[in-house]
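Please model the entire structure based on the sequences and the hints provided.
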Amino acid sequence: MYRFKIALLIIFFSFAQNVFAQSKTAEPYSKDEFPSVLHDLRRAEIITLGSMPFITLNTSLIYSFGKFAAHGFDASYFTNPFSTASDSSSYTQDEQVGIILTSIGVSLCIGITDFIVHSVKNSRLRKKAMQQKNKNITITPVSEDPDAVLLPQPDGTYEKGDNADD
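According to this note's numbering, the sequence shown is numbered sequentially starting from 4.
Only true hints are included.
Per label pair, the in silico range of CB-to-CB distance:
(1) 132 <-> 104: 39 to 45 Å
(2) 13 <-> 36: 32 to 38 Å
(3) 133 <-> 13: 54 to 60 Å
(4) 36 <-> 9: 38 to 44 Å
(5) 135 <-> 70: 55 to 61 Å
(6) 31 <-> 151: 45 to 51 Å
(7) 126 <-> 17: 47 to 53 Å
(8) 40 <-> 103: 25 to 31 Å
(9) 12 <-> 97: 48 to 54 Å
(10) 122 <-> 157: 46 to 52 Å
(11) 142 <-> 40: 35 to 41 Å
(12) 64 <-> 44: 28 to 34 Å
(13) 70 <-> 36: 48 to 54 Å
Below are the SDA-like pairs computed for lysine to any residue, each with C-alpha atoms no more than 25 Å apart in a straight line:
(14) 34 <-> 130
(15) 131 <-> 37
(16) 131 <-> 141
(17) 138 <-> 123
(18) 124 <-> 39
(19) 70 <-> 94
(20) 34 <-> 124
(21) 136 <-> 148
Just so you know, the hints here were simulated from the structure itself, not pulled from any lab data. None of the values given here were measured: they were computed from a predicted structure. Every residue, glycine too, gets a C-beta built ideally from N, C-alpha and C.
So this is what it looks like as structure tokens:
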């Protein structure tokens, strides 16, 4: 009976919290809310975890084929990567650990490589933007620029002081 009362109180307070809670929509993140390094880390994390199943499949297939080829293409040494644990042609526990650790290592290398490439790319873009921002602006008068073309105003006249005959 004691447990029932506690469970009833927990259920009541969880519903009461939802009933009396103020509804407020979350404000979306702004572009500059997180540093670019965190965006690059998140991207590397997604790529690392996303590549893991494909890398694991490829690692198991390469291992099976390597073992098969190393034993002179004897069919008894071919390990089926899709076999169940009760099947005699399944991987041993040491082979499974080796395949998983290799897959994790390769996936991490892919994620770290992506992180480095994007960090260098973003660094170059920032450096280029700073160079353009700090670059001196030179203003060349129209009369000194040989490539400049004098355009008439909408009413067909030229600005005062300009020579339209040039």
